[in-house]
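Sequences listed follow chains H and G, in order.
Each residue of the first sequence is one higher than the one before, starting from 1 at the first, in the numbering used here.
Each residue of the second sequence is one higher than the one before, starting from 1 at the first, in the numbering used here.
Read the hints as simulated data drawn from the structure, not as lab findings.
A portion of the hints provided could be inaccurate.
Lysine-lysine pairs mimicking DSBU-like chemistry, simulated, CA-CA at most 30 Å apart [claimed, not checked]:
1) H/K71 - H/K98
2) H/K423 - G/K142
3) H/K423 - G/K262
4) H/K139 - G/K132
5) H/K90 - G/K262
6) H/K319 - H/K423
7) H/K431 - G/K134
8) H/K83 - G/K132
9) H/K90 - G/K62
10) G/K142 - H/K191
11) H/K551 - G/K132
Facing chain H, according to a computed beta carbon distance under 7 Å, are these residues of chain G, among others [to be verified]:
12) A135
13) P137
14) Y138
15) K142
16) S145
17) G148
18) F150
By construction, the Cβ of each residue, glycine as well, lies at the ideal position given by its N, Cα and C atoms.
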Amino acid sequence: MHFNLLLDQSDKVHIIPSQGEIPEGDWEVLYPGIPFYIAQELLREIDNEYSWGSKRKKRNLFRRKKEAMEKSTIKRKILSNLKNHPSLSKFTWQWMSKKSLKETKEEEAEKVKIPTSMEEKEKIKVDFLRRTEGRVLTKGDLQRLGQESNLSYIEILKLCQEQVNEGKGEWLSGLERNRMGWRCQRCGETKVEEWISIYGRAATCPSCASLGSLSSLNTLYRSLNNQNKATNENNGVSRNNTSRNNTISRDDVVIRNKFNEVNTSFAKSKIIFSPRWELTPAQKKAAEEILSFVKSEEPQGQVNSLFEKGFQHKKGFQKEILLWAACGAGKTEVCFPAAAWALNNNQKVLFAAPRQDVVWDIAPRLEGDFPNLSLGVHTGTSPQRFTPSQFVVATTHQILRFYQAFDLIFLDEMDAFPYYGNKALAWGIEKALKDTGKIVYLTATPSPESLQKVKRGKMQLLTLPARHHGHPIPVPQWKKFTGNPDPRQGNAEKVIKNLLPRIEELGKAGPILLFVPQISWVNPWVQLLQEFLPQRSIEGSFSSDPNRREKIENLRKGSFQLFVCTSILERGVTFPRAQVIVLGADHEIFDERSLVQMAGRVGRSRECPTGTALFLAPKTTPAIK
Amino acid sequence: MLQTKDYSGIRAGINAYYFLEVYFLRGGMSVVAKLEPIWQELKALARTFFYTPEKNCLLCEKSSAEGEFCLDCLEEYFYPELPRCVNCGKLIPKEQIKCTDCQVGKGPRGLDKVIALGYYGGAWREFIQNVKYKAQPYQLKKISSFLGNFAISHLPPPHYLIPVPLHQERLAERGFNQAEEIASLLQWECGIPLYSPNPLQRLENTPSQVGLGREERLQNLKGTIGFLPGEAEKLKGAKVWLIDDITTTGATLEHCAYELKKIGVKKVFGLVLAAGLEKRK
Ligand SMILES: [Zn+2]
Ligand SMILES: [Zn+2]
Ligand SMILES: [Zn+2]
């Protein structure tokens with residue numbers, strides 16, 4: 001995606017997409033097109049020369065207004081800057097007037113289908129606004145958006161530029177550089193890979209490549225179009241945004257009203273919240289507190305008694321709350337009443353979890369409890385869609401695709417990989433949340449950092465102790481177990497013979513989850529068990545298994561009696577009557593947190609609240625205790 | 001894992017430490033804050049002095065004591081034991097000199113020898129595609145010594161390196177020409193001069209070559225590569241390595257070689273990162 005500098009009739013310089021439409025009027029365009037970042041730099045240079053020039057005339061203190069440069073001066077300045085540029089001097093630069101361009105552009109214009117009526121035009125624009133609201137889009141995204149809404153790429157660029165001209169959207173270069181170095185504009189990464197392009201220094205972000213590669217030569221389109229208008233950080237090109245604003249037509253007001261109307265129509269058709277089960281008293285209390293946190297506009301003062309002593313609770317509006325819920329306490333459902341309130345107050349809600357499994361687990365539960373909700377599900381493997389939805393469930397990585405989009409974010413298992421310690425995603429959440437928005441963190445095992453935050457009064461703390469069916473977490477039993485469970489060592493058969501009675505015993509109560517410490521153990525163990533227990537349905541999976549989603553779906557349906565896995569299932573996935581065996585529980589990979597999480601898989605349902613968790617190891621480790 | 005390489009490294013690390021110490025004492029906090037990024041850099045630098053960096057295979061990320069690629073990947077993608085078709089560079093079975101296509105005269109003409117570093121498939125293909133389509137030209141420098149060693153042991157020394165030019169429009173979009181990046185690696189690694197500016201020029205935007213046979217490709221390319229005026233004289237009688245990222249039918253290489261020979265270049269040797277693999281029947 002390339003951009004050109006455009007000099008308009010009032011001697012202002014703009015940056016416009018090369019493939020987009022050129023506005024009416026007496027202007028000239030600098031050719032060839034260049035990456036947005038380079039165009040921005042050129043514009044900045046001209047701006048600097050402006051201010052430097054006025055500094056020299058500092059004697060006249062009242063002469064603040066910049067001296068307007070003549071059109072020919074600007075043109076000459078830009079060309080001479082280009083001539084002195086180490087890389088850009090190689091190009092053949094020329095200013096082209098509308099006349100000389102008309103023919104080529106007319107050819108292109110023919111390819112663009114022109115909407116026949118005002119009404120159709122209006123419909124297209126409203127649709128575009130709704131699909132891009134709160135989004136950050138790459139070139140690939142814009143192309144997909146075009147396909148989805150049956151528009152050509154050029155038409156999409158035109159719509160984007162229209163928003164940019166009105167200050168309701170902006171172009172961003174993928175990475176930007178200041179004195180400190182490069183920064184990725186999508187994920188905030190500063191450790192990037194630098195290289196030399198034909199335009200000079202360039203850089204590529206390695207951190208968010210899973211969302212599509214992004215370099216400083218790429219451009220992002222970011223919608224600034226929402227009720228709580230975002231501040232425009234982009235001072236370098238502000239001229240670009242403001243200059244043509246004053247001519248917003250009446251049609252435009254109509255469209256905007258229409259957009260708001262469609263948007264609020266979410267609220268008009270009331271979101272129905274019909275929970276399929278009743279909350280326990282403890283859950284109810286927590287749900288009420290979260291609801292009042294979400295509703296609150298005034299500072300709140302509840303601090304868990306544990307930390308009250310010696311710490312002054314900071315009076316002030318709090319954006320964040322931490323729900324520390326015991327494993328299996330039913331923390332997800334606790335959030336639903338608050339979510340329902342937010343949805344019915346026309347707020348946008350995000351539920352983010354670090355793992356895909358959890359997202360696929362929660363989406364159907366939400367659909368069950370909110371029967372008329374338009375739910376958007378975003379994971380790394382689901383195709384990127386732009387259908388507007390008021391409630392989004394996403395993996396944490398996908399948050400980077402949003403900008404100022406949500407009023408309320410629920411962040412599940414905040415201490416789990418990959419969120420824990422990942423700066424980029426913290427940055428992403430900060431960006432995706434509206435300025436007035438709030439965050440609810442959900443965790444079973446809070447990190448020391450988040451507890452520290454609570455202690456300092458930066459965040460509220462809520463605890464939810466009991467399991468939602470009132471039964472305590474099963475105390476995991478440690479069974480001494482000799483023999484090396486590593487399937488590559490010779491005595492796996494001996495191990496399996498020791499294991500069989502346990503499987504028999506637990507199998508009566510429900511399906512068994514057999515946790516192993518290494519991916520490479522999964523398939524050998526599945527084979528071994530299938531050999532010894534041919535009458536049972538046995539499967540296994542691990543994080544990089546391509547069929548993982550399907551298998552876990554089947555597991556949830558109860559298709560397997562025995563399921564071998566690594567810690568992938570350790571967080572957030574629920575299914576009835578589960579029993580747990582941890583093989584090689586003394587393995588260094590299992591720390592206390594993951595062992596608690598694994599034991600927490602046991603019996604997470606109302607029908608069968610009890611269950612057994614067996615940790616098998618030749619010796620105990622501190623983590624097992 | 002603390003392995004000291006040699007004492008000069010330690011000394012440099014200690015010096016870096018003292019340098020910072022002095023700044024800490026003199027500067028107060030504001031300077032320290034400003035120095036934070038430098039401090040991080042220096043710490044990283046010091047680490048490289050004190051530790052032997054852990055080497056991972058560039059293709060499968062397994063730790064590899066062998067260097068850039070682990071033994072498995074070496075065997076799977078680079079086949080060090082297999083010869084290359086002298087005519088088109090393809091990887092061919094042992095004891096063969098030309099691939100079956102070239103044996104019946106369907107290969108590229110006009111090149112004196114062509115060699116491919118590896119087989120265009122799997123993780124090696126992904127590596128090259130990441131370089132080209134995911135804005136990762138910086139990955140190439142990781143293979144420079146591997147490529148350099150391969151090139152000098154299979155090709156006679158040339159006077160110049162000449163990369164295959166890229167279409168103007170694609171160059172503008174991508175921001176770099178991968179063939180030129182590879183050539184500049186070899187310039188650095190083997191000390192062979194890269195001919196600059198590139199005497200070969202794309203004259204117009206060629207339609208994509210994907211899905212076309214060799215004859216069609218040649219037809220497609222006719223008149224699309226030209227010669228920079230004024231450079232012809234200097235290249236008369238020279239030996240050159242013609243560099244590209246991949247070759248499929250050899251049509252592009254043939255076309256460039258034709259233009260080079262036309263102005264009197266004596267020998268043209270082709271070098272690419274990847275080509276096809278012909279299995280024994
Ligand atoms: Zn990034
Ligand atoms: Zn490898
Ligand atoms: Zn051949």
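Consistency of the hints with the structure:
no. : hint            : result
1   : H/K71 - H/K98   : 15 Å, holds
2   : H/K423 - G/K142 : 27 Å, holds
3   : H/K423 - G/K262 : 57 Å, violated
4   : H/K139 - G/K132 : 17 Å, holds
5   : H/K90 - G/K262  : 27 Å, holds
6   : H/K319 - H/K423 : 19 Å, holds
7   : H/K431 - G/K134 : 25 Å, holds
8   : H/K83 - G/K132  : 29 Å, holds
9   : H/K90 - G/K62   : 43 Å, violated
10  : G/K142 - H/K191 : 18 Å, holds
11  : H/K551 - G/K132 : 36 Å, violated
12  : A135            : 4 Å, holds
13  : P137            : 5 Å, holds
14  : Y138            : 5 Å, holds
15  : K142            : 11 Å, violated
16  : S145            : 19 Å, violated
17  : G148            : 19 Å, violated
18  : F150            : 23 Å, violated
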